[in-house]
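Protein chains in written order, with our numbering: chain V, 1 to 339; chain Y, 1001 to 1823.
It is worth saying that the hints were derived from the structure and are not from the lab.
Just to be clear, a hint being listed does not mean it is correct.
Heads up, incomplete: computed chain Y residues facing chain V, CB under 7 Å, no partners named [to be verified]:
no.	residue
1	Leu1555
2	Arg1556
3	Gly1657
With a straight-line cut-off of 25 Å between C-alpha atoms, the simulated BS3-like cross-links for lysine-lysine are [what the hints assert, rightly or not]:
no.	chain 1	residue 1	chain 2	residue 2
4	V	Lys275	Y	Lys1504
5	Y	Lys1436	V	Lys291
6	Y	Lys1643	V	Lys234
7	V	Lys291	Y	Lys1431
8	V	Lys242	Y	Lys1643
9	V	Lys180	Y	Lys1504
10	V	Lys118	Y	Lys1514
11	V	Lys148	Y	Lys1617
12	V	Lys242	Y	Lys1150
13	Y	Lys1617	V	Lys337
14	V	Lys218	Y	Lys1504
15	V	Lys180	Y	Lys1497
16	Y	Lys1611	V	Lys100
17	Y	Lys1643	V	Lys101
18	Y	Lys1159	Y	Lys1128
19	Y	Lys1636	V	Lys180
So these bits of chain Y aren't anywhere near chain V, every CB distance computed over 12 Å [to be verified]:
no.	residue
20	Ser1028
21	Glu1149
22	Val1274
23	Glu1479
24	Pro1498
25	Thr1524
26	Asp1579
27	His1670
The model shown is predicted, which means the values in this text are computed figures rather than measured ones.
Cβ coordinates follow ideal geometry from the N, Cα and C atoms, glycine included.
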Amino acid sequence: MKEQLNGIQASAEKELATAQSIQELENLRVKYLGKKGELTSVLRGMGALSAEERPVIGQLANEVRVFIESRLDKAVKDLAGKERTLKLKQEIIDITMPGKKANFGRRHPLTQVVDEIKEVFLGMGYQIAEGPEVELDYFNFEAMNIPKNHPSRDVQDTFYIDDNVVLRTHTSPVQARVMKSQNPPIRVICPGRVYRSDEVDATHSPVFHQVEGLVVDKGVTMGDLVGTLQVFAKVLFGENTKIRLRPHHFPFTEPSAEVDVSCWGCGGSGCRICKGEGWVEILGAGMVSPKVLRECGIDPNVYSGFAFGLGVERVAMARFNIDDMRLFTENDVRFLKQF
Amino acid sequence: MKAPLKWLRKYVDINVCPKEFAEAMTMSGSKVEGIEKQGEEVLNVVVGKILTREKHPDADKLQVSMVDVGKEKIQIVTGAQNIEVGDYVPIALDGSSLPGDKKIKKGKLRGVESNGMMCSIQELGYTKYDFPDAEEHGIYILSKNLLTEKYAAGSSDEKELDSKVLGKDIREVLGIDDDIVEFEITPNRPDCLSIVGLAREAAATMGTSFRKPEINVKEAGGNINEQASVEIRDADLCPRYTARLIKNVKIQPSPEWMKESLRAAGIRPINNIVDITNYVMLEMGQPLHAFDFDYLKGRKIIVRRAVEGESIETLDGNMRKLEPGMLVISDAERAVAVAGVMGGGNSEVTENTKSILLESAVFNGTSVRITAKKLGMRTEASSRMEKGLDLNNASNALDRAVQLIAELGAGEVVSGMIDCYPGKVEPRSIKLEYEKINALLGTDVSQEEMIAILRSVEFSVDEATNTVIVPSFREDVEEMADLAEEVARFYGYNNIKPTLLTGKEMTRGIKSFKQRMEESILDTMTANGFSEIYTYSFASPSIFDKINLPLDSELRNAVVVSNPLGTEFSIMRTTTIPDMLTVLSTNYNRRVEEARLFELSRTYSKKAPRKSQIEGKDESALPVEIETLTIGLYGKVDFYDLKGAVESLLAELRVTGYEFIRESENPTFHPGRTAALTINGEKAGVFGEVHPDVLDNFEIGTKAYVAVLEVEKLIGNAGATAQYKHLPKFPAVTRDIAMLVKDEIMVKQIEDIIQQRAGKILEEIKLFDVYKGKQVPEGMKSVAYSIIFRAEDRTLTDEDVNKAMTKILDGLKTGLDAQLREQ
C-alpha cells in the first residue's frame, strides 16, 4: 500500500506539472482527491490493514494528500496568473486616442484678472464695493475735486447723458459713495466698468474696466500705499517684481503718483513689452486729497487714506500676451476657450 | 511742452546727459515723454562754397561745379539751376546721410565724377516755413549775412569767413543740433508750460542753480498813459491787464538765435514782433498779444463781456459769432480780440504796422476755457490761460518782451506801463507742519531738509513762525498735503519705506452674500460648459427692431448719450439679447461649430428712478441698473439644454418655488418654444428658441437659444445653507407606468397629478419616455414614468404601493383621460 501511495504521489506530481488549463487541474483534483479518486480509493482499503500499519499508512496517505493539494493550489495559482497576464496583454489599448472630457466653460480673461485682484485684497482685509455706471456728475467729478469746467476734465473724455449725469469715467465715484456711507476704518476695492470717449482700436475702447482701491483710517501713510502696491505687484506679476512711483497729478489725491512695475517680459533690461524702458506703467495712486475727504464728511485732521486705480484690460493684455483689446469684446469662442 | 536743452541751459546748469536729465525730471514730477535729437538724420553734411560752374559736357540740364568744403575742393554734378559762383550751400559729402534714410555716395553722372550732393531745405528735413529764406525749389543758398553774423563777428573779410565756415557741420550752422525734451505737463502745473518754469524744476531736481532772465527795459521816453488807456469793465473775468506801447516799429525777420529757439520748440518763425510774443510765451509762460495801435479806435482798450449779436473776424480769417458772456477785448467801438483766445483781423499787426500796443493780461481760466470750447478754437494762448496764470508774471513777461523789442531794434518802447490790477491777492501762506508731513508720507525728513526743498522751488519759509509763503505761480499749493507732495517729490517717492498698515484696526475681507451668489452663478455656468463673454453697454436704437420689439415696448425708452461716438453707441442698452445674438452670429459666421455663452452684465432702465443710496444726494436722475444673466447657445443643442442650464442654476442657488410658464406672445422668441421663469409668482426671466425672423436679422443660419434672467431675483430667492437629510435606511420600490394622453397635455399636468395622489411615500418621479408615431394613434402620445416610493421608517409593502398606484391611475384617468398601457 505504501508503494501504491508513493506511486499516486509520483504520478500526480508528474501530471500536475504538465497540466495546461484550470479545467485540466480541476480534472486532476477529481482524479486524485475526489470521492471516487485514486487517493480516496486507497484509503478505503485501509480497513484491511493491521492496527500497527494503520497509523503509519494513515499518516503517509495524509502527507500525500497535503502534497497533492498544495501542488494543485500552486498550479492553479500559477496558471491563473498566466491567464491574467495573457488577458492583460489582450486588453492593450491605444492610449494616444483622445480622452473623454467634461466640456467646461471659461470665465472671461477680464473676470479672471479681477478675480485675482479681488483675492489679493480680500486677503488683506478689503471688502468689495460697487456703484452705478451711469453716475451723477457730482460723484464722478465734483466729489473727486474736479469742478465743472476744470481743465482736468479734458484728461478724461466724458460721455454725458445731461449736464448732471455722466457715464462714469473711472471707478473713483465709488470711493465717494463708500466714504459717505461708511465710517473709517475703510478698506475697499471697487471693480467696475468705466467709459471714455475713445474710438475703438487695438489699444483703446470706449468701455473698459478698472479696479479702484481705497483705505481710510487713522495714521495711514504713503509708506502704507507703497507697501500695499508692492504686495499687489508681486502677487500679480511675480515675486521678483519691483515697483516704481513717479510723481504725477490727480485731482483726488495729494501727493499723487503713477506707478510702474518692472517689466515681466525682461525683468527690467528692456524689451518689446516695455518698449525698452524696463518699466511698465500699470496704475495711478496717491494719498486721498484732504479736499475729497472733507467733501465726503471725513475730517482730514483725524484720518488719512490712500487710493489707487488700475486698468483691468491693460493687466489682462500683459498677463495673457494679448495684443488687441478688441478681442475681449468680440468673444470668439476660440479666444474665450484659451484662458 | 517741448523744451530745447540749449534754451533751458540759459537758466539752469545741466551737467548730465539728456537721458539722465530726462530720468531725473520724470522722477521729480515733470514727466518726460521723449527726447528728440534734432538733425539726427543729417550726417556728414557741411557748408561748401561754389567755386566754378560749368555745363555738363553731355547733359543740358546738369552742371558741374568745383566746391570748396574746407579741407578739400571737390567736384559735384548738380541739376539745380539756382546756384551762382560764390554761394554758400549745404553739401552732403560722400558717405553722408539725409532724413528718410537717404545715403549719398560718390559716383558718375553721365560720365562725370560727382563727389557729393548740394541740398535743398526739404532734403535737410525742413520746409520753407521753418526757414523762410530758403527757396521752395532748388538748393538752399545760405545767407552770407547769417554766416557773417554768426561766425565772423560781422567782419566783411570773406577769406576769414571762409576759413571759419567752410566744412562746418550744417547742423551747427543752421542751429538744428539741439536735444529737445518733450514734457507732459499736468493741468495743475501751468507754471511748467514755460522754459523758466522747467528750469526752476530742473535746478531743484539736480541741485544746481537757477538763473531767472535778467529783465531791463530801455525806454525811449514819452508816457503811455497820455497816449492810450485800458478800462476793465468785467473785473471778475480779468484780474490783471498790463500793456505797453511801441512806436516806430520795424517789422523784419528775427535774429537767427531766436528763430533757432522757436524752431526747436516747434514754432515757425514769422517776423520779429510775432516771434518775440511767441518767444516770451514759451519762455515765461505768459501769452501776449500785439495790436496795431493805429487801428484801435479811441486809442483805448476795454475789457468786457460780448453783447448780443456781436461778432468778430479772428486772425485765422473766420467770422465768429460771439455769445453774451464771452470776454472780449474791444476798442472804443468794436471787439478787437477774443480775450485769451485769439486776436481780431481788424487790429492785426502787418508789415505796415508803425505802432503796437502789447497786451499781457490774465483772464479767468474757466471763462476762457468755455469760450474757446464754444468757438471751437483752442490755441496755445487759451490752453495756457485756462489753467490759471500767475498774476504777478504778467508785467514781467511784458517787460521781457519790450526788452527784446528794444534790443532787436524792432521798435521804440514808450515809457511807462499800463497796469490795471483789480484782482490783486495776498500771497498764500501755509503753516509748515513738518510732523504732519512726515506722518502723511511715512517718512522722517528733517525740518531743515524740508525747508531746503521748499526754498529750491521758490517757496519762502519763515523759520521763526514756521510759515511757508507760496509763490504766486503755484496756485495749486493750498494746504499741508500739497506741501507734502513738494517734499516727497524731491525727497524721492522711491525713498519712502514700504509699510503695510501695521497697527491698524482689523477689517473683514469678505464677500457679501450677493457677491458670493454671483460667484456661484459664474461657477455653475462654466461647470455647465458655458463661457463668459463681455459686450459693450452701449447700443444702437436700431436693435429694438432687430429683435422684433413692439413699438410701444417700454424697453425702447433708453438712456441716451448726448455725445456718443456714433449712433451705434448712442443709447445705454435696455436689453442684452441683441449683444448676445451678435456674438452668436460672429461665431456662427466664423464657422465655429458650437457656442455656449453667458454674460453677467447690466441693463439701464428708466422705468423707475433710482433710489437715493447716499443721504442727502438725490439720485432720481439716474436709471436703475439691472444686473442681468444672459445665456446664449447654438450647435448640437435644443430648448432643453437651455432649460437644463437654467434649472441647474436654480438648484445651485437653492431657489425654490419657481415655475416655468409657456410664453407664446414674446415677439423675439419662437411662440411655441419659449418659457417664462417665475419665482414665487414673480417673473424673473424668459428663455427659449429665438424667433426665426430675429435669427435672420442677425444672420444666424441655425437655431439659437437665449435666456435672460434677472440676477437680483435669482439671488433674492436664493436659499440658505444646505441642511443634511438622513440617507435612506429602507429600500425603495419602483413602479413603471406608461399611458396614452392627448398630444397637447404637458407632462407637468401628469406630474402634478402623480404628486398629488401618491401621498407621503412618493420619493421621485422620473420621466423616461415620450413617444409619438407607430402604434400610437394620431393626436396622442405615449408617456412613461418610473415612480419611486419609499418610507422613512419602514420597508414598504406591496399593499402600500398598490394603494398609491391605484389612486394615481384613477387620477390620471379621470383628470387627463389617460389610457394606461400594459407594461
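Hint check:
A cut of 7 Å between beta carbons decides the hint on Leu1555 of chain Y: the least distance to chain V is about 16 Å, and the hint is violated. Interface hint at Arg1556 of chain Y: violated, since its Cβ lies 17 Å from the closest Cβ of chain V, which is beyond the 7 Å cut-off. Given hint, Gly1657 of chain Y at the interface with chain V, is violated; its Cβ is 28 Å from that chain's nearest Cβ, farther than 7 Å. Between Lys275 of chain V and Lys1504 of chain Y the CA atoms are separated by roughly 40 Å; this puts the pair beyond 25 Å, and the hint is violated.
With a C-alpha separation of about 16 Å, the suggested pair Lys1436 of chain Y and Lys291 of chain V falls inside the 25 Å cut-off, and the hint holds. Straight-line distance between C-alpha atoms of Lys1643 of chain Y and Lys234 of chain V comes to about 43 Å, which puts the hinted pair past the 25 Å bound. Annotation: proposed proximity of Lys291 of chain V to Lys1431 of chain Y holds, straight-line Cα distance about 17 Å (limit 25 Å). About 50 Å separates the Cα atoms of Lys242 of chain V and Lys1643 of chain Y, which puts this hinted pair outside 25 Å; it is violated.
Under the criterion of a C-alpha separation no larger than 25 Å, the hint pairing Lys180 of chain V with Lys1504 of chain Y is consistent with the structure, at around 21 Å. The suggested pairing of Lys118 of chain V with Lys1514 of chain Y holds, with an alpha-carbon distance near 15 Å, which does not exceed 25 Å. With a CA separation close to 18 Å, the supplied pair Lys148 of chain V and Lys1617 of chain Y stays within the 25 Å bound. Among the hinted pairs, Lys242 of chain V with Lys1150 of chain Y is inconsistent with the structure: their alpha-carbon atoms are about 51 Å apart, more than 25 Å.
Taking the CA atoms of Lys1617 of chain Y and Lys337 of chain V, the gap is about 44 Å. The hint is violated against a cut of 25 Å. Only pairs whose Cα atoms come within 25 Å are accepted, and Lys218 of chain V paired with Lys1504 of chain Y is accepted, the gap being roughly 8 Å. Pair hint Lys180 of chain V plus Lys1497 of chain Y does not hold up; C-alpha atoms about 31 Å apart against a cutoff of 25 Å. For the proposed pair Lys1611 of chain Y and Lys100 of chain V, the alpha carbon gap of about 51 Å is over 25 Å, so the pair is violated.
Note on Lys1643 of chain Y and Lys101 of chain V: the hinted pairing holds, with a Cα-Cα distance of about 22 Å set against a maximum of 25 Å. Taken as a hint, the Lys1159 of chain Y and Lys1128 of chain Y pair is broken in the structure, with Cα atoms around 29 Å apart against an allowance of 25 Å. In summary, the hint linking Lys1636 of chain Y to Lys180 of chain V is not supported, as the alpha carbons are separated by about 52 Å, beyond the 25 Å threshold. Against the 12 Å criterion, Ser1028 of chain Y falls within the reach of chain V, whose nearest CB is about 7 Å from its own CB.
Its beta-carbon lying about 41 Å from the closest one in chain V, Glu1149 of chain Y satisfies the requirement of being farther than 12 Å from that chain. At the 12 Å boundary, the C-beta of Val1274 of chain Y stays outside the reach of chain V, the nearest C-beta of that chain being 26 Å off. Here Glu1479 of chain Y does not stay apart from chain V, with its beta-carbon only about 6 Å from theirs, under the 12 Å limit. Non-interface status of Pro1498 of chain Y relative to chain V is broken: a Cβ of that chain comes within 12 Å, the nearest being about 4 Å off.
With a least beta-carbon separation of about 10 Å from chain V, Thr1524 of chain Y fails to lie farther than 12 Å from that chain, contradicting its non-interface assignment. The claim that Asp1579 of chain Y lies off the interface is violated: its Cβ sits roughly 9 Å from the closest Cβ of chain V, which falls inside the 12 Å cut-off. Annotated as non-interface, His1670 of chain Y keeps its C-beta farther than 12 Å from every C-beta of chain V; the closest such distance is 24 Å.
Figure legend: structure checked against the earlier numbered hints; hints not met, in rising order: 1, 2, 3, 4, 6, 8, 12, 13, 15, 16, 18, 19, 20, 23, 24, 25, 26.
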